[in-house]
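> Residue numbers (this note's numbering), protein chains in the order written: chain A, 28 to 288; chain B, 507 to 616.
Wrong hints could be hidden among the right ones.
[Unchecked claim] Calculated from the model, a selection of chain A residues having no Cβ within reach of chain B, i.e. all distances over 10 Å:
| # | residue |
| --- | --- |
| 1 | P55 |
| 2 | H136 |
| 3 | T143 |
| 4 | I144 |
| 5 | K212 |
| 6 | Q270 |
[Said to hold, decoys possible] To give a feel for the contact side, a few chain A residues facing chain B, derived at Cβ under 8 Å:
| # | residue |
| --- | --- |
| 7 | S142 |
| 8 | D185 |
| 9 | V284 |
| 10 | I285 |
Keep in mind the hints are simulated off the structure, nothing from the lab.
For glycine and all other residues, C-beta sits at the position ideal for the given N, C-alpha and C.
If you want the building blocks of each chain, they are given just below.
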Amino acid sequence: MEKAIEVENLVTHYGDREILKNISFSIPKGSITVILGGSGCGKSTLLKHLIGLLKPTSGRIIIKGNDITKMNEDQMNEIRKKMGILFQGAALLNSMTILDNVALPLHEHTKLKESTIEIMVRMKLDLVGLSGFDSFYPSQLSGGMKKRAGLARALALDPEMLFFDEPSAGLDPVTAAGLDELIIKLNKVFRMTIIVVTHELPSVFKIADYVIMLDKGYVIFSGTLNELKTSDNPRIRMFLERQPEEEKYSPDDYFKVIAGE
Amino acid sequence: MKTEITDFKGNKRIKITGDIDMHTSPELREVLLSIIKKSKNQCVCVDFTDVTYIDSSGIATFVEGLKAIRASGSRLFFYGLPESIMEIFRFSRLDRVFEIFRTFEDAFGI
């Protein structure tokens, strides 16, 4: 298995609180890897480390043979040119049209002529089903459309690696399924390494080649989708079978907590 | 990326070798558009046999080329596309927009 990313002994904190607890895993090149886990397990924090937005307390993240945790902003920006990122809220610039939003990375990082850039932007918008929306502003689009426009921008520089943070969040099931199909197509045709952070099980079962599961800051699973499905780890079974957590407190303890005793 | 231009019975053949990407597309654009500008009722054919990679800037460059050549009355066509590149044209549905042939002989009917 050729590796796109290797994470070694990653530890990270928000203040005194340890979020990622000495985790290690690899992400295979050219496949769709899903980082799975319940709310608050550290998966979005992990994603921010993989794209170099956060620096860990300790540990290494190796991309193309280089430890990105040691890179300065200029070096990191070179690596980011090969990364496309779709954030949860799409992160479009509201004062720009959709065409200008998608063209922005091309203006920033290439010497392509405006006429070439416009054709490229229209190709990307068509790819995500937004042909004809070039001159619209983000505020004129629905949530699903904004997300697709964000994806078009993430694709602008033809990235080798594409990261999605909760792509289905806030989308209806049909739109979410359409986005899953698009993720699969991008992987198959362009052989992109795709990393998706999600807790949506239908999406995981549809798109994942490889799964990394986080629980309370630990990696409790890394392997293929089939291996995940047949795992007998109780925490994984609980997640896959959508069982609720056991109650945190006994009634007496609960009383003590709310009474401040 | 390297381009090599040859004449064939009054037509132009552009052989491209290497990657067509965001760094090399501006150079390809210059070559392609300057040939198209000079062409009149000619065929401009592009040999993809030794193209190792094409990204969306390369595809967009050929779209620009096709737009320009249609105005000049000449024809633009491709041959020798490796399967991985053909797949990208198919995915973007441009295989139905460009004239694409398997070989040079197929393209010229010889």
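> None of the hints should be skipped; say for each whether it holds.
Here is how each hint holds up against the structure:
1. P55: It holds; P55 of chain A is separated from chain B by about 19 Å at its closest Cβ, greater than 10 Å.
2. H136: 8 Å, violated
3. T143: 5 Å, violated
4. I144: 8 Å, violated
5. K212: The claim is violated: K212 of chain A sits with its nearest Cβ about 7 Å from chain B, within 10 Å.
6. Q270: 41 Å, holds
7. S142: 6 Å, holds
8. D185: The hint holds - D185 of chain A has a Cβ within 8 Å of chain B, the shortest such distance being about 4 Å.
9. V284: Violated: closest Cβ of chain B sits about 56 Å from V284 of chain A, beyond 8 Å.
10. I285: Check failed: Cβ of I285 of chain A comes no nearer than 57 Å to chain B, outside 8 Å.
Against the hints set out earlier in the document, violations occur for numbers 2, 3, 4, 5, 9 and 10.
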